[in-house]
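Protein chains in written order, with this note's numbering: chain X, 953 to 1503; chain Z, 953 to 1503.
Don't read these hints as lab results, they were simulated from the structure.
Treat the hints loosely; a few may be bogus.
The list treats identical chains as interchangeable, and a pair is accepted whether it falls inside one copy or across any two copies.
Distance condition first, Cα-Cα at most 27 Å in a straight line; then the derived DSSO-like pairs of lysine-lysine [claimed, not checked]:
1) Lys1308 x Lys1326
2) Lys1466 x Lys1159
3) Lys1058 x Lys1412
4) Lys1474 x Lys1159
5) Lys1019 x Lys979
6) Lys1220 x Lys1462
7) Lys954 x Lys1246
8) Lys983 x Lys1246
9) Lys1159 x Lys1423
10) Lys1058 x Lys1220
11) Lys1462 x Lys1009
12) Lys1220 x Lys1246
13) Lys1009 x Lys1220
14) Lys1058 x Lys1149
15) Lys1200 x Lys1466
16) Lys1095 x Lys983
17) Lys1192 x Lys1149
18) Lys1462 x Lys1500
19) Lys1423 x Lys979
20) Lys1019 x Lys1149
For clarity, every value in this text was computed on a predicted model and none was experimentally measured.
If you want the building blocks of each chain, they are given just below.
Number of protein chains: 2
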Amino acid sequence: MKIALAQINPAIADTVLNMEKIISFMKQADKSGAQITIFPELCTIGYPPMDLLESRKLVDDNIRSLKAITEASSGIETAAVIGCVEYDEKNSPMLYNTAAVIHRGKIIFRQHKTLLPGYDVFDEYRYFSHADDSGIFEFRGKKIGITICEDIWAAFREDNSPFMERRRYDRDPVQLLADRGADLILNISASPYIRGKRQARMEMLAKLAREKNIPVAYVNQAGANDSLIFDGNSMFINAKGGICGHAKGFSEDLLVIETDSPVPCEVKINDIEDIQRALVLGINDYMSKSGFSKIVLGLSGGIDSALVAALACQAIGPDNVTGITMPSEYSSAGSVDDSYELARNLGMRIETIAIKGLFDRFREDLSGVFHGLKEDVTEENIQARIRGTLLMSFSNKTGALLLTTGNKSESATGYCTLYGDMCGGLAVISDLPKTMVYELSEHINRSAGRELIPRAIIEKAPSAELRPGQKDQDSLPPYDVLDGILELYVEQRKSAEEIISAGYDRQIVKHVLKLVNNSEYKRYQAAPGLKVTSKAFGIGRRIPLAKKFTP
Amino acid sequence: MKIALAQINPAIADTVLNMEKIISFMKQADKSGAQITIFPELCTIGYPPMDLLESRKLVDDNIRSLKAITEASSGIETAAVIGCVEYDEKNSPMLYNTAAVIHRGKIIFRQHKTLLPGYDVFDEYRYFSHADDSGIFEFRGKKIGITICEDIWAAFREDNSPFMERRRYDRDPVQLLADRGADLILNISASPYIRGKRQARMEMLAKLAREKNIPVAYVNQAGANDSLIFDGNSMFINAKGGICGHAKGFSEDLLVIETDSPVPCEVKINDIEDIQRALVLGINDYMSKSGFSKIVLGLSGGIDSALVAALACQAIGPDNVTGITMPSEYSSAGSVDDSYELARNLGMRIETIAIKGLFDRFREDLSGVFHGLKEDVTEENIQARIRGTLLMSFSNKTGALLLTTGNKSESATGYCTLYGDMCGGLAVISDLPKTMVYELSEHINRSAGRELIPRAIIEKAPSAELRPGQKDQDSLPPYDVLDGILELYVEQRKSAEEIISAGYDRQIVKHVLKLVNNSEYKRYQAAPGLKVTSKAFGIGRRIPLAKKFTP
């Protein structure tokens, strides 16, 4: 049997565009002789639609587009599996996350999703009722079962919270399908990229196919929606667990597979390369899906903004990127010179606006109210907020999207200024610990075969340059230590004592955890950030602000 | 039987403080002769703990505090019903939202929560497994059944989404308890205040008691946690549906009731008074629970900031509140004079910092980059951001919490500047439509018996005063029309066509809905706002940013 994995990039809530895309891919697959064309989870609406699912009109629009797709199938040979939302007004007024199988103008089978994830970024219980059963449909002499995303993970763990055991579901749709004699299991997914997940996913699918002795066709959404990046990487795994067909990563693709004589292929995963592609896709899709074509960002002469500039240029081309360097009286000469070298290397526009005049004016205008009070962090924040206002002004005037350039280590510890360097519409590297920022910068230079990001930027000691001689490491522990603690605390949700037991200094651990807890209010107002780890700040991490938590 | 409704205000995650408070209330109730003392849902941890529940240590701390409370009960007569988190490591590694009944040093009964809400601000499926059954315990000759918050709403609707039918649960714990012969039903709740809910809650409880012919003791959490305000208002309803005991609204209370000879009481609800008390409590608790004792806010001469100033003074006293008026070249004379009159009326400090110098300097410093480009909304935003920076500077320097003063109509339409007037740690009236801002302001003056908020502020045409002669109504429809449309769209989730059918002009509806959809990115970065309607912007409303949604 010939099947097509149609890994599309739907637009959230744009049911007409998605319908046209689905029909186009279906026709293309049909031409290549595919007997079934498989689309991702919820592809009529795009994943995740979140609370837009509370719009009755959107759900009706999705039903209408499913009807139009079904009608379009009447003239062609291929069947298609379409992820969509269904409901049955009379008998079951809840929504279902559904896979509809259409063929020659009719819906010939439907499978609702059984396992509805409700952890991290997922809230499917909020919208959907679960399937009570998993059925088989026969097509071209094969017994085919369908699973939807989480359904295939029933026997595996995906979350690493201390209460992760709750991820052990009490049903296993795959086992049900195997018991019912499935010859082929399809999985339609919208599975967000996180570092290391591709490997885990491949191993899981291989193990599952081997153990059940059933081939698996896995189709994942491609494209980014706000914080979530869907990596595609759809694949076909034969009953021996061998990967015999692998679609592109981080872009749309249509992969046609002959399931009866599959040819094993080798898949190499390069984690740091994947992170780069994920971030570039994240920038690209946020821009195109929200109507931006130009980018502006502040260039501090440090590695974070240099990395974001490099990624921005890769995403939309250097002609569309403007960097602004905004030196203060505390800025090193390098902060401007290095930024100019960076901009030359990347081929992007750069402007300079010195902030001393504005800073002096703020201090002067506040001198009455501040009479008798000492200089403190207030004056550092004023500088950051002047820069934020200048960047937002450029953004407002030119329509360019302002990218924020803070990393996860800074965001975690609150080493950033709200309404200052936190200004911006998209936080590109807010889920990258500082150590990963270095790793990715080196990778970009290596890939380019030259120092796109100047060596001086990579090697200088990190500094906010908001007071004389300031260095990050005066306020924070060394980044390798900090990032180690943060991974245990934020990603793995370990307690202070557990982190100390893992070999970290008690004083440092207590200090870092206190910084994290005291800066929740800043992150509450942060721009959406591209998620690349198992626990990013943002929609998948919901922490009260006014609290007294001893971690 | 004598029962005590112990309506406490727990601090999120402060298990030691909560334990001490619970023991203190228990002893006090015991002294007054109560045989059972009933505490709110999850009172060992405070509601909502959100993702802090993923901390194994917090859950263990809560178990420890439950043990300490149980031990403290050994020397006294009263039993106590304690809302807490439980789990059974071996048999059921999921968490439960539990009511533990303790008596004389032992846990004598436990009931897990059956109905786990997953709509609006609730995410209980994310953390908890549901109870499979509802049991009865016998105490002092009575058969008592316990329900936890949502459990008692099974037969009623609480959400008004188009798919609200999904709120029709397939189990009804109250019916189960009635079938098992309950003489008394307890409900322990953490039920957030929203306008109109008190009346609905009272009617629901009365109907339920009457229909089942069983008295109900309802205990609700008091106090505010971030966006959510818990109004207390615990009550006892006899089997005829009569309210025979009603605890205080918006504060802690311990109400002791004789259930066998209850005395009916009359409860009067004043909606606008409740909103005022809710907001004052919201400010108070956010401050005390996050360690602030002073407030700063910008005073524009308009009604929004005047109302927030009045509420702030009521919450923490005028001595702790500073207003800053920041006139620009476009400000009317009234904007400063009226603010001074307001400050005099309220007895709060007021300062003036003119922003023309800073505004000129920003324009000058940007003139190179902006060469050849016309003035537009950019320059309006710069003024708002100068003000935001000045206010945040005052906040940073003095440790005062900056309150934002935007209302829901502005927030909905994006008629506000990100990093400008949106700066602040708590958005006091961001869930109040402009029409309600007027209503509450009039109420405050009426209650005070004098014009605390000067008549000139109430009567002037609303204006952002960011360009010459600007008025809100140049950009927005009249506020009564706008607020009507917004209620249908945001709260009731109606489509454009449904709103037009309700009698609103097609052009205006389309325009307003577009404004709402195009400003999601601003609200994503907004400060937490106090929730007083059925659908507030913030944690209970999750809308994708990059999308193409036709409402």
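Against the structure, the hints:
In this assembly of identical chains, Lys1308 and Lys1326 lie within 27 Å of each other by CA distance both inside one copy and across copies; the values are 19 Å within and 25 Å between. In this homomeric assembly, Lys1466 and Lys1159 never come within 27 Å of each other (Cα to Cα): the closest approach is 42 Å inside a single copy and 48 Å across copies. In the homo-oligomer, the alpha carbons of Lys1058 and Lys1412 never lie at most 27 Å apart, since the shortest distance is 64 Å inside one protomer and 62 Å across protomers. With identical chains, the CA atoms of Lys1474 and Lys1159 are never at most 27 Å apart, being 43 Å at best within one copy and 45 Å at best between copies.
Taking identical chains as interchangeable, the C-alpha atoms of Lys1019 and Lys979 lie at most 27 Å apart only when both belong to the same chain, with a minimum of 16 Å there against 66 Å between chains. Taking identical chains as interchangeable, the C-alpha atoms of Lys1220 and Lys1462 are never at most 27 Å apart, the minima being 40 Å within one chain and 50 Å between chains. Taking identical chains as interchangeable, the C-alpha atoms of Lys954 and Lys1246 are never at most 27 Å apart, the minima being 42 Å within one chain and 70 Å between chains. Taking the shortest alpha-carbon separations for Lys983 and Lys1246, neither the intra-copy value of 38 Å nor the inter-copy value of 70 Å comes in at or below 27 Å.
Proximity of Lys1159 and Lys1423 under a CA criterion of 27 Å is satisfied in neither setting, with 49 Å inside one chain copy and 66 Å between copies. Proximity of Lys1058 and Lys1220 under a CA criterion of 27 Å is satisfied in neither setting, with 40 Å inside one chain copy and 59 Å between copies. Proximity of Lys1462 to Lys1009 under the C-alpha cut-off of 27 Å is restricted to the inter-copy arrangement: shortest distance 15 Å between copies versus 50 Å within a copy. For the homomeric pair Lys1220 and Lys1246, neither the shortest alpha-carbon distance inside one copy (34 Å) nor that between copies (58 Å) is at most 27 Å.
Within a single copy, Lys1009 and Lys1220 get their C-alpha atoms no closer than 43 Å, and across copies no closer than 40 Å, so neither meets the 27 Å cut-off. When the C-alpha separation of Lys1058 and Lys1149 is checked against a cutoff of 27 Å, the pair qualifies neither within a copy, at 36 Å, nor between copies, at 46 Å. With identical chains, the CA atoms of Lys1200 and Lys1466 are never at most 27 Å apart, being 42 Å at best within one copy and 36 Å at best between copies. Only within a single protomer do Lys1095 and Lys983 lie at most 27 Å apart by alpha-carbon distance; the minimum there is 24 Å, versus 71 Å between protomers.
Taking the shortest Cα distances, Lys1192 and Lys1149 sit within 27 Å of each other inside one copy (21 Å), while across copies they are farther apart (59 Å). For the identical chains of this complex, Lys1462 and Lys1500 are intra-copy neighbours only, at 14 Å inside a copy versus 45 Å across copies, given an alpha-carbon limit of 27 Å. When the C-alpha separation of Lys1423 and Lys979 is checked against a cutoff of 27 Å, the pair qualifies neither within a copy, at 59 Å, nor between copies, at 54 Å. For the homomeric pair Lys1019 and Lys1149, neither the shortest alpha-carbon distance inside one copy (35 Å) nor that between copies (41 Å) is at most 27 Å.
In summary, the structure is inconsistent with hints 2, 3, 4, 6, 7, 8, 9, 10, 12, 13, 14, 15, 19, 20 from the numbered list given earlier, while agreeing with the others.
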